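Student: Each chain, letter by letter, is given below.
Number of protein chains: 2
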Amino acid sequence: MLSKAKIKFVKSLQIKKYRKQEQCFVVEGAKSVQELLNSDFDTVLVLTTKDFQSHNKLPASAEVIEVTARELEGIGEFQSNDSVLAVARIPDPVDPAIGKDEFVLVLDDIRDPGNLGTIIRAADWFGIKTVIASPETADFYSSKVITATMGSFTRVGIFYTDLSVYMGGLQDGRIFGAFLDGKNIHHVNFGTGGHVIIGNESRGISADLTRFVTDKITIPRFGKAESLNAAMATAIICDVMRSGGLGAGNRG
Amino acid sequence: MLSKAKIKFVKSLQIKKYRKQEQCFVVEGAKSVQELLNSDFDTVLVLTTKDFQSHNKLPASAEVIEVTARELEGIGEFQSNDSVLAVARIPDPVDPAIGKDEFVLVLDDIRDPGNLGTIIRAADWFGIKTVIASPETADFYSSKVITATMGSFTRVGIFYTDLSVYMGGLQDGRIFGAFLDGKNIHHVNFGTGGHVIIGNESRGISADLTRFVTDKITIPRFGKAESLNAAMATAIICDVMRSGGLGAGNRG
Numbered sequence: 260m261l262s263k264a265k266i267k268f269v270k271s272l273q274i275k276k277y278r279k280q281e282q283c284f285v286v287e288g289a290k291s292v293q294e295l296l297n298s299d300f301d302t303v304l305v306l307t308t309k310d311f312q313s314h315n316k317l318p319a320s321a322e323v324i325e326v327t328a329r330e331l332e333g334i335g336e337f338q339s340n341d342s343v344l345a346v347a348r349i350p351d352p353v354d355p356a357i358g359k360d361e362f363v364l365v366l367d368d369i370r371d372p373g374n375l376g377t378i379i380r381a382a383d384w385f386g387i388k389t390v391i392a393s394p395e396t397a398d399f400y401s402s403k404v405i406t407a408t409m410g411s412f413t414r415v416g417i418f419y420t421d422l423s424v425y426m427g428g429l430q431d432g433r434i435f436g437a438f439l440d441g442k443n444i445h446h447v448n449f450g451t452g453g454h455v456i457i458g459n460e461s462r463g464i465s466a467d468l469t470r471f472v473t474d475k476i477t478i479p480r481f482g483k484a485e486s487l488n489a490a491m492a493t494a495i496i497c498d499v500m501r502s503g504g505l506g507a508g509n510r511g
Numbered sequence: 260m261l262s263k264a265k266i267k268f269v270k271s272l273q274i275k276k277y278r279k280q281e282q283c284f285v286v287e288g289a290k291s292v293q294e295l296l297n298s299d300f301d302t303v304l305v306l307t308t309k310d311f312q313s314h315n316k317l318p319a320s321a322e323v324i325e326v327t328a329r330e331l332e333g334i335g336e337f338q339s340n341d342s343v344l345a346v347a348r349i350p351d352p353v354d355p356a357i358g359k360d361e362f363v364l365v366l367d368d369i370r371d372p373g374n375l376g377t378i379i380r381a382a383d384w385f386g387i388k389t390v391i392a393s394p395e396t397a398d399f400y401s402s403k404v405i406t407a408t409m410g411s412f413t414r415v416g417i418f419y420t421d422l423s424v425y426m427g428g429l430q431d432g433r434i435f436g437a438f439l440d441g442k443n444i445h446h447v448n449f450g451t452g453g454h455v456i457i458g459n460e461s462r463g464i465s466a467d468l469t470r471f472v473t474d475k476i477t478i479p480r481f482g483k484a485e486s487l488n489a490a491m492a493t494a495i496i497c498d499v500m501r502s503g504g505l506g507a508g509n510r511g
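For the record, the sequence lines run as chains X and Y. Each residue of the first sequence is one higher than the one before, counting from 260 in the numbering used here. Each residue of the second sequence is one higher than the one before, counting from 260 in the numbering used here.
There could be a bad hint or two in this list.
To be verified - Partner residues are not named here, just some residues of chain X that face chain Y (Cβ under 8 angstroms, in silico): (1) Gly373; (2) Arg380; (3) Ser411; (4) Gly441; (5) His445; (6) Asn448; (7) Thr477; (8) Pro479; (9) Phe481; (10) Gly482; (11) Glu485; (12) Ala494; (13) Asp498.
Please keep in mind that the hints were generated in silico from the structure rather than gathered at the bench. Computed from a predicted structure; not experimentally measured. Glycine included, C-beta positions come from ideal geometry on N, C-alpha and C.
With these hints in hand, go ahead and build the complete structure from the sequences.
Tutor: Right, here's the structure in full:
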């Protein structure tokens with residue numbers, strides 16, 4: 260039985276303040292919840308239709324409440340025809356352990372939740388496991404971000420921290436950043452690891468972080484658009500870094 | 260003086276039916292309106308603050324109404340702190356004249372306006388001038404699409420048509436389409452022109468269009484995401500097609 264208090268609790272998690280207070284977040288939709296259930300996240304509550312429940316194994320540790328699709332409507336942030344909604348625990352932040360042969364994305368104030376979500380999805384596609392984000396970057400645990408990742412939130416870890424302090428603490432390794440006057444990405448040897456800074460949607464990479472960049476790169480332009488969307492630029496850079504860079508060594 | 264009738268007219272253009280009836284669409288925000296004023300579009304109405312007016316030349320043929328930023332708020336679809344809003348005429352559709360050495364995007368039901376807008380922006384960045392879209396693709400002239408193009412709507416032409424009929428009418432040329440079992444894009448010689456089909460966000464390229472594809476391509480995956488966002492995939496394909504493909508011949 261779905262109580263009013265439970266509905267209020269789930270809805271409160273739409274607001275960052277309450278997510279922080281409860282250390283919980285909402286996952287909406289069958290595909291995303293399935294990815295959640297197959298992950299290491301601790302699921303605490305599942306509002307499920309009979310149909311979803313009959314096709315999926317729900318964790319014994321979670322409170323499970325059977326609902327109708329109609330009851331579910333309006334509880335989540337998205338008005339799609341959902342069969343399930345889950346609440347999971349936000350894991351405690353741990354310092355990321357980054358290997359030498361690993362690429363890491365550094366998000367310098369990516370404010371749009373849709374952009375953040377698609378960046379996480381791209382990171383997952385290209386096998387990037389760690390994202391470092393400025394405190395001003397959109398909240399990873401908002402429903403809009405979680406939904407836009409299409410399940411990739413379970414495989415990519417995000418760490419919010421002061422980026423100047425973080426970058427200043429790096430001992431070595433290359434730091435890539437996209438600038439209009441950088442080197443054509445298709446002529447760059449990306450090697451096997453390093454940090455890639457993704458600039459804010461409006462102002463690009465901040466002056467404060469520019470000083471850490473060891474490799475200015477650019478996506479060649481053939482038309483007249485002033486810039487590319489931050490998520491698209493990320494996807495292009497990741498693709499070239501992984502497959503198309505001179506160093507990738509897998510060209511046919 | 261901004262009349263209630265004028266406000267009603269502008270607001271009515273948020274709805275496709277009225278855009279079609281009036282053959283007009285709305286452009287919001289300083290950057291987008293500046294691009295509009297520098298383009299061949301026929302601007303019919305400008306609601307402008309004193310500030311925007313003093314820094315920009317407005318067309319003599321347009322009706323110009325001075326407003327305060329406060330008056331502007333709530334008239335446009337986006338609640339940003341805007342200084343200007345314009346209404347322009349939707350041009351009559353003309354059959355696209357596509358050169359042999361030209362790349363063309365074919366959108367097979369791109370339903371999300373944000374995706375369509377960023378695809379148009381990417382097309383503009385990569386110098387693609389023509390986009391062919393299925394009737395089910397989001398409406399190019401909605402405010403959300405126009406805004407997401409960041410001004411690129413003035414440089415990329417879109418043509419809505421039945422895609423099977425269009426593709427069936429092509430005499431020759433290559434037709435690229437992304438599939439999971441396609442050839443690695445980094446090993447493809449894209450040549451200097453052709454059509455690139457971008458599949459729907461959920462189901463990819465429809466069976467009906469698959470039969471026209473001459474070159475199945477794929478973006479190599481290194482992680483576990485099931486798919487890439489349609490706009491990101493488009494951006495990656497365009498980048499490789501222009502710069503990274505084996506045929507581009509501009510590698511350093």
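Student: Now look at each hint and say whether the structure bears it out.
Tutor: Evaluated hints:
With its C-beta approaching chain Y no nearer than about 7 angstroms, Gly373/X sits inside the 8 angstroms limit, and its interface hint holds. About 5 angstroms separates the beta-carbon of Arg380/X from the nearest beta-carbon of chain Y, less than 8 angstroms, and the hint is met. Taken as an interface hint, Ser411/X checks out: its beta carbon lies about 5 angstroms from the nearest beta carbon of chain Y, inside 8 angstroms. Interface restraint check: Gly441/X against chain Y, minimum CB-CB distance 14 angstroms, threshold 8 angstroms, status violated.
Interface restraint check for His445/X: the shortest CB-CB distance to chain Y comes to about 5 angstroms, inside 8 angstroms, so the restraint holds. For Asn448/X, the interface hint is violated, since its Cβ never comes within 8 angstroms of a Cβ in chain Y; the closest pair sits about 10 angstroms apart. Interface restraint check: Thr477/X against chain Y, minimum CB-CB distance 11 angstroms, threshold 8 angstroms, status violated. Evaluation of the Pro479/X hint against chain Y yields a held restraint, the C-beta minimum of about 5 angstroms falling below 8 angstroms.
A least Cβ separation of about 3 angstroms between Phe481/X and chain Y falls short of the 8 angstroms threshold, and the interface hint therefore holds. Among the interface hints, the one on Gly482/X holds; its C-beta lies about 4 angstroms from the nearest C-beta in chain Y, closer than the 8 angstroms criterion. Here the hint on Glu485/X is kept, as its CB sits about 7 angstroms from the closest CB of chain Y, short of 8 angstroms. The beta carbon of Ala494/X comes within 4 angstroms of a beta carbon in chain Y, closer than 8 angstroms, and the hint placing it at the interface holds.
Look at Asp498/X: its Cβ gets to within about 5 angstroms of chain Y, closer than 8 angstroms, so that hint holds up.
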